[in-house]
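Line by line, the protein sequences give chains A and B.
Each residue of the first sequence is one higher than the one before, starting from 1 at the first, in the numbering used here.
Each residue of the second sequence is one higher than the one before, starting from 1 at the first, in the numbering used here.
Treat the hints with caution; some may be incorrect.
[Claimed, not checked] A few chain B residues that don't get close to chain A, going by computed Cβ distances all over 12 Å:
1. 103
2. 151
3. 167
4. 246
[Unchecked claim] Covered by chain B, per the in silico footprint, the following chain A stretches (three or more residues, Cβ under 8 Å):
5. 171-183
6. 188-197
Hint data in this document are derived by calculation from the structure and do not stem from the laboratory.
From the three backbone atoms N, C-alpha and C, an ideal C-beta is built for every residue, glycine too.
Read off the chains here:
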Amino acid sequence: MSDTSTSPAVLPWRSQQKAAAHTRWLPRRETLQILSCQLLLAAGLLAIWQWATGSAAVNAFLFGSPAAIWASLEAMVRDGSVWTDIAVTGAETLAGFALGNILGTAIGLSLWYSRFISRVLQPFILALGSIPMISVAPIVIIWFGTDFSSKVAMATLSVVVVSLVISYKGAMGVDPDQINLMRALGARKPQIFRYLVVHSALTDIFAGLKMTVGFALVGAIVGEFMTSTNGLGHAIFKAGSLYIISKVFAELAVTVALSLILASIVARVERWLLPWRHDLK
Amino acid sequence: MRDGSAGTIMTGRSASTVDGGPPPPLTAIDLQKSFEGDANTAVEIIRSISFSLAKGEIVSIVGPSGCGKTTLLNTICGLTPASGGAVLWYGRELNGVPPRVGYMLQKDLLFPWRTALDNVLLGLEVKGIEKRIRRDRAHELLHRLGLDQFEGFYPSALSGGMRQRVALARTLAPNPEVLLLDEPFSALDFQTKILIERDTVRLVRGEGRSLLLITHDVEEAVSMSDRVLVLSHRPCKIVAEHRIDLPIDRTDMIEARETPQFSRYVKSIWTQLDIR
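Whenever a hint applies, use it, and build me the whole structure from the sequences.
Here it is in C-alpha cells:
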C-alpha cells in the first residue's frame, strides 16, 4: 500500500477506482481470450485439413486443401475475376435486398391500417412464404430473362415475404397503451401511423434487414446457378462442374466475406438511423 | 353555455349546477361498462358511477386493486365506449376523445426514439401547432419541472422520476383543461413521488385546471385532492365520498401528512376500501 492508505477517507475512493478498473478490464481480457481461442481453433482445423490431404489419408482432389485454396484465391485476385464476381453478385444482392425490403415493409406496415384486409390476405401471405424460392427460379428466368434482372428478381423474392411478415408483426406489436395515448392527444389513424407505428416497428424491421441481407445473397446465387455468365454463384457452379474443389472453396470463402461485409454495413446503418438504441453501441 | 340551454341539446341530459352557472368540465351520469366475455356472457366492470369534476378541482378515485379503475378512466376519456350512462364535457355528450383533455398512466409511455424535448412536443405536433410556439411551450414546461439540462436526452438515459416528469410535461403541453391521471406516480420511490405530486398540484391549481386522479394510494389521494371518491370491488360503484379539508397550503404534500385531519381521512377511507 502506498502512503495514501494513511488517510482513511481516501481509502474507499481508491479501492472503488480499483474495482471499477478491474471490472472494465475483465471483459476486454475475456474477449481477447475468446478471440485467441477462435484463431487457434481455425488454425488447428486448417492444419489438420492440410496434413490429411497432404499425407494422402484424404483425397486432395475431392476435398481440396488449404494450400490449394489459398493458391486459387491468389489466382483469382491476380486475374481480377474475384472483383468482378463480387461486384456483380453484390449489386444483384443489394438491388434485390432493397427492392424486397421496400416492397415487403410498405405492404407489411400498410396492413396495420386495416385489420380486415390483413386477415383476408393472411392465407395468401402464408402460402407465398412457404414456397421454396429455388422452385420458382425456372419461372423467374422465363419472365425476367437470363441477365441481371432475373437475379435481382430471385433476390427480391427471397426477401419480400420475410420482410413483409416482420414489418407487419412489428406494426401490430405496438403497445396499445401508446395508441391510446396518441388518441388521447387527439391523433387520428394516419398520425398514429406516422408518429408511432412506423418508428415502433423500425426495431423489428432492422432485425429483419440483418436477416434478409443473407437471404438476398442466397437468392442471387441461386439465380446465378440457374443461368449466368459471371458472379460468385456462376464461379462456384463452374468450378464445381469442372471438379476444381479448391476453387469452389475459395469462391465460398469470398461469398462468406461478402455476406459478412453486407451484414456489417446494415448494422452500421442501423446504428446511424437509430441513435436512441443505446444497446447497439 | 348556460345550463338551461345545455339541457335541451343532443341528449336531453345535462349536469345541472345549483346556481345555474356554467356546467362543470366533467360529469359522469350513471356510467356503466361491461365487456363481452365468452359465450354471450358479459363481464360487468362498472355498475354505476356518477360524479362531477368542477373547474379547478382535484378529485381522486381510490379503489381496491383490480376494481376496474383503468377501465373507468378509459371510458371517461372516450377511448372505450360506455355500455350505459353518459359522460358530459361541459354539459355535452361527445363522441370519442374530448379535446383539451390530458391523459397520463403509470407507464410513462415515452417514445424511446424521441428525446425528452421531442416527447413533450408530441401532442403539439399532432395538433399542428406552429414549430416555434411548440418549442417555446416545451422549453418552458421542462424548465418548470427542472429538466432543462435533460432536453436532449433519450428516455433510456433518464431516471424513472425524470421520465415521469417528462410524461407530465407531455400531458400538460397541449394546455389541457382536464387532466385524467391513472396511478401516475405509483412506480416511483417515496421522495420522487412527493416532489412530483407537489409539481403536479402546483401546475394544476396554479392554472385553474381540473384533475381526476385514479390511484390505489390513499395517502396520495388525501394529500393531493379536494375530494376523494371510494370505489367498491368489481363491479364497481362509489361507496363513499370525502371532502378533504386541510388547514394548510395545499401544495405541500409533507405538511398535509402532518395534520391531524390527514390520518383521520386516511383511516376512514382505508376501512371503506374493504381490502380483502
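Hint by hint, here is what the structure shows:
Look at residue 103 (chain B): its CB is around 4 Å from the nearest CB on chain A, not clear of 12 Å, so calling it non-interface is violated. Non-interface status of residue 151 (chain B) relative to chain A is upheld: no Cβ of that chain comes within 12 Å, the nearest being about 14 Å off. A cut-off of 12 Å between C-beta atoms contradicts the statement that residue 167 (chain B) is not in contact with chain A; the least separation is 9 Å. Distance check on residue 246 (chain B): its Cβ is at least 31 Å (rounded) from any Cβ of chain A, clearing the 12 Å threshold; non-interface status holds.
For the segment 171-183 of chain A, the proposed coverage by chain B is satisfied: 7 residues have a C-beta within less than 8 Å of a C-beta in that chain, meeting the threshold of three. With 3 residues carrying a beta carbon less than 8 Å from a beta carbon of chain B, the segment 188-197 of chain A meets the three-residue requirement, and the given coverage holds.
This entry does not satisfy hints 1 and 3, going by the numbered hints stated previously.
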